[in-house]
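Use these hints to put chain B onto chain A, whose structure you have.
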Amino acid sequence: DAGVIQSPRHEVTEMGQEVTLRCKPISGHNSLFWYRQTMMRGLELLIYFNNNVPIDDSGMPEDRFSAKMPNASFSTLKIQPSEPRDSAVYFCASSRDIQNTGELFFGEGSRLTVL
Amino acid sequence: AQKITQTQPGMFVQEKEAVTLDCTYDTSDPSYGLFWYKQPSSGEMIFLIYQGSYDQQNATEGRYSLNFQKARKSANLVISASQLGDSAMYFCLLQYNFNKFYFGSGTKLNVKP
Chain A
1 DAGVIQSPRH EVTEMGQEVT LRCKPISGHN SLFWYRQTMM RGLELLIYFN
51 NNVPIDDSGM PEDRFSAKMP NASFSTLKIQ PSEPRDSAVY FCASSRDIQN
101 TGELFFGEGS RLTVL
Chain B
1001 AQKITQTQPG MFVQEKEAVT LDCTYDTSDP SYGLFWYKQP SSGEMIFLIY
1051 QGSYDQQNAT EGRYSLNFQK ARKSANLVIS ASQLGDSAMY FCLLQYNFNK
1101 FYFGSGTKLN VKP
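Respectively, the protein sequence lines represent chains A and B. Take the first sequence: its letter number 88 is residue 88 in the working numbering, and every next letter is one higher. Here the working numbering runs 1000 ahead of the position in the second sequence, where the first position is 1.
Only chain A is shown next, with the shape it has when bound in the complex (with noise of 0.2 Å):
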């Protein structure tokens, strides 16, 4: 079975410019989790969704992001406009039923360089 399928791997943008990060999660999963990496920080968690509805949206940084998730098998994290410190790994990760299976599924990330 393919895992979580995260694109672009990799994109270097100039401040300014629309990012929009994808996820396809693994099927079956109904939980879908958008984490962001930085040296300064850690792993912080920006958003959960549920079913496609959103749960928890309160580690989202400011409202230059928005996260999207149309069906069961899509989700979208869009930063417009970016800036230069939004340079980090984001990773998409997805759970069937967290909390009697423990399955937590991650993407291999999107790295995203804000020149």
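In case anyone wonders, no lab produced these hints; they're calculated from the structure. Every clue listed holds true.
Subject to a maximum C-alpha distance of 25 Å in a straight line, what follows is the list of computed SDA-like cross-link-like pairs (lysine to any residue):
no. : chain 1 : residue 1 : chain 2 : residue 2
1   : B       : K1100     : A       : V53
2   : B       : K1108     : B       : S1087
3   : B       : K1073     : A       : E44
4   : B       : K1100     : A       : P70
Given the structure is predicted, the values throughout are model-derived calculations rather than measurements.
Chain B only, in chain A's frame:
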């Protein structure tokens, strides 16, 4: 406050020896989960092992075992017979209330030949 702590920023271990990576947590929720992930230099996050707060037995997965001491609120990862490929960052993750997650700051493990 709910949080998770990894006190060892870096560790060295000789190949074929066992190593323990520390993780302590703080939660008042009776139902929670503890995860360990490995992040090699390539960057991906690899799931290693999971322990639920109600699990009676310590979790084991191959060379990985979790030393779960509930009263002490610790969930240390034990890697037996270390291999060179075990060199990586290791993160402890606390999950509670279904959608609350906290990552520790990580421990960088270096396995020496």
